[in-house]
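Participant: Below, each chain spelled out in residue letters.
Protein chains: 2
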Amino acid sequence: VVFSLLVLGSSSVLPTAKRYPSAHVLNVHERFFLIDCGEGTQHQMRKFRVPFNKITSIFISHLHGDHVFGLFGLISSLSMLGRTKSLTIYADKKLKDVLDSHFNFFDNRLTYDIIIEGLNPEKEEIIYTDKLLTVKSFPLKHRVPVWGFHFSEKKQPDKMKKEMIDFYKISIKDIQKIKEGEGFTTNEGTFIPHETLTIPSNKPRSFAYCTDTIFHPEAIPYIVDADLLYHEATFEEQHKQVAKETYHCTSKQAASMALNSNVKQLLLGHFSSRYKNMKKLLSEAREIFPETYTVEDGMLVEIKHGPSFAHTYFSEELNV
Amino acid sequence: VVFSLLVLGSSSVLPTAKRYPSAHVLNVHERFFLIDCGEGTQHQMRKFRVPFNKITSIFISHLHGDHVFGLFGLISSLSMLGRTKSLTIYADKKLKDVLDSHFNFFDNRLTYDIIIEGLNPEKEEIIYTDKLLTVKSFPLKHRVPVWGFHFSEKKQPDKMKKEMIDFYKISIKDIQKIKEGEGFTTNEGTFIPHETLTIPSNKPRSFAYCTDTIFHPEAIPYIVDADLLYHEATFEEQHKQVAKETYHCTSKQAASMALNSNVKQLLLGHFSSRYKNMKKLLSEAREIFPETYTVEDGMLVEIKHGPSFAHTYFSEELNV
Chain A
1 VVFSLLVLGS SSVLPTAKRY PSAHVLNVHE RFFLIDCGEG TQHQMRKFRV
51 PFNKITSIFI SHLHGDHVFG LFGLISSLSM LGRTKSLTIY ADKKLKDVLD
101 SHFNFFDNRL TYDIIIEGLN PEKEEIIYTD KLLTVKSFPL KHRVPVWGFH
151 FSEKKQPDKM KKEMIDFYKI SIKDIQKIKE GEGFTTNEGT FIPHETLTIP
201 SNKPRSFAYC TDTIFHPEAI PYIVDADLLY HEATFEEQHK QVAKETYHCT
251 SKQAASMALN SNVKQLLLGH FSSRYKNMKK LLSEAREIFP ETYTVEDGML
301 VEIKHGPSFA HTYFSEELNV
Chain B
1 VVFSLLVLGS SSVLPTAKRY PSAHVLNVHE RFFLIDCGEG TQHQMRKFRV
51 PFNKITSIFI SHLHGDHVFG LFGLISSLSM LGRTKSLTIY ADKKLKDVLD
101 SHFNFFDNRL TYDIIIEGLN PEKEEIIYTD KLLTVKSFPL KHRVPVWGFH
151 FSEKKQPDKM KKEMIDFYKI SIKDIQKIKE GEGFTTNEGT FIPHETLTIP
201 SNKPRSFAYC TDTIFHPEAI PYIVDADLLY HEATFEEQHK QVAKETYHCT
251 SKQAASMALN SNVKQLLLGH FSSRYKNMKK LLSEAREIFP ETYTVEDGML
301 VEIKHGPSFA HTYFSEELNV
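Chains as they are written, first to last, in my numbering: chain A, 1 to 320; chain B, 1 to 320.
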């Protein structure tokens, strides 16, 4: 099953010809979650063929323009496309006022409801859960209130080995119990352990998202052991002081977060437009955490089971 | 001298993978005027290398999102780039409230002043004038107040023939008078007519912009004899009824406007996303007005002196 991140925008506040501001689509088993929504998100969604009607909810890290200004156009377009199911946006609760005020000026009558779920600025909190997934928000530290997000698969029931069902003639009722973790006792009284009867389900995967933030080790408990961490890396090490003053991170600081939280792989994004390429920024991070990659707009990262996973550039021919 | 239109966005309300919402840059002698500012305008400006610091003013036809939503990001970016000279926006006076309300929510401290010049909904009006150019606004008809714009070069002084200055030994003071249209009387009392002494300056060029609007022949006096008319053509003839209901035009109606206002050339844009290509829409217009062209994002149209002018596709290698 799919668990992948599509990068729609990888610039910081000033976009460049090749990098749009922050926006990402996390595809978890064909549930599409939009994470941040900078200007032009709907154009990038068209370009990289993200199905508009499959976006169920939006997660906004903080109320700075380069993470929000795409909402107005996207919300309008979803209405033009006739959406009827409600759209939930997880964000600073102030976003409600922003949207109310905005749509008050334009003659938009939306075909669907928008639900704003205000995030907790004090502590980590479960904000969404379904059969497959749990999403938590947690506070980071920037010039305005900001949240990171942690998406984790739920552990799925182990699969029954078919030959065991036939061999022991196990009833449907007992199969259910075995899937939930129990063993099985035969009519003769022999106990067959759970592990003999089942193929273990995959280890749940997880993705953590941290932007924008000053270097903030207090967030490590919220992202620990993630399969993939996206962390902002606005600056090279030479601009460490600027990073501190503007409440951003260098790539080394992002790498230190990855190392100390024991994540498997690190994605860097949200780059300052001052850099022509990301080579230096990347090599500085890899000194600390070798499994580091810099993102590009259109990059599709598949989070796979097992010790490593591929990351692929998105092809315009492909569907997400 | 340059008089050209660069198309940044050619879609109507729903953008497509290849068409952004409305935005255009008119370059008049290296003065850059932005006309409408849909979402992603700043990205298109980067892509097609429009110099951010040379945009002196912005003209907004009406307060619908696909003509306005790019303002927030562009205004922020100009500030990030350290702009100090004020930026004038000609628009519905309500835009001031939209921007005040908007920037109230975001922690933007702009480095420059924004001046909103409210347009007159009753009648044609000169809204801008300098040594080279006059800009007028005039009312069109849509679901909300909407204005067209007419940009015209001023007639420049005729050029003195150098050999005449030498031959008649004409003083600087007299040269000035001749440039302004007078003749010259020699010391011997012979009158030399103005036409003999000068090379006539070029005929002033003009560009008219009409979107969004229902078919509105009342606007013909405001656009008459323009060298180039941009007119919305949201629909094909088969969707004439939809056009009427949504206060838009078919390409035939746009062509009829061009024919009856005696313009030289017609550009069609603001296309509904329902059409895969513009062939039918174009051929329907050409039945009425042969000198019609459909625009694409990135198209650069040079308005030249003389009976005809070239239109060229913009190359990313080129500067505007």
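Read the hints as simulated data drawn from the structure, not as lab findings.
Only a predicted model underlies this, so the values are computations on that prediction, with no experimental measurement involved.
Please note that the accuracy of each hint is not assured.
Which copy is meant is left open, so a pair is good if it fits within one copy or across any two.
[Stated by the list, open to error] Derived BS3-like pairs (lysine-lysine); straight-line CA-CA distance at most 27 Å:
no., residue 1, residue 2
1, K131, K169
2, K54, K18
3, K177, K244
4, K173, K94
5, K131, K280
6, K179, K47
7, K276, K54
Participant: Take the hints in turn and mark each one as holding or not.
Facilitator: Evaluated hints:
Taking CA atoms no more than 27 Å apart as the test, K131 paired with K169 passes in neither setting, with 29 Å inside one copy and 95 Å between copies. In this assembly of identical chains, K54 and K18 lie within 27 Å of each other by CA distance both inside one copy and across copies; the values are 26 Å within and 21 Å between. Taking identical chains as interchangeable, the C-alpha atoms of K177 and K244 are never at most 27 Å apart, the minima being 54 Å within one chain and 64 Å between chains. In the homo-oligomer, the alpha carbons of K173 and K94 never lie at most 27 Å apart, since the shortest distance is 49 Å inside one protomer and 67 Å across protomers.
In this homomeric assembly, K131 and K280 never come within 27 Å of each other (Cα to Cα): the closest approach is 42 Å inside a single copy and 49 Å across copies. Within a single copy, K179 and K47 get their C-alpha atoms no closer than 42 Å, and across copies no closer than 55 Å, so neither meets the 27 Å cut-off. Only between protomers do K276 and K54 lie at most 27 Å apart by alpha-carbon distance; the minimum there is 23 Å, versus 35 Å within a single protomer.
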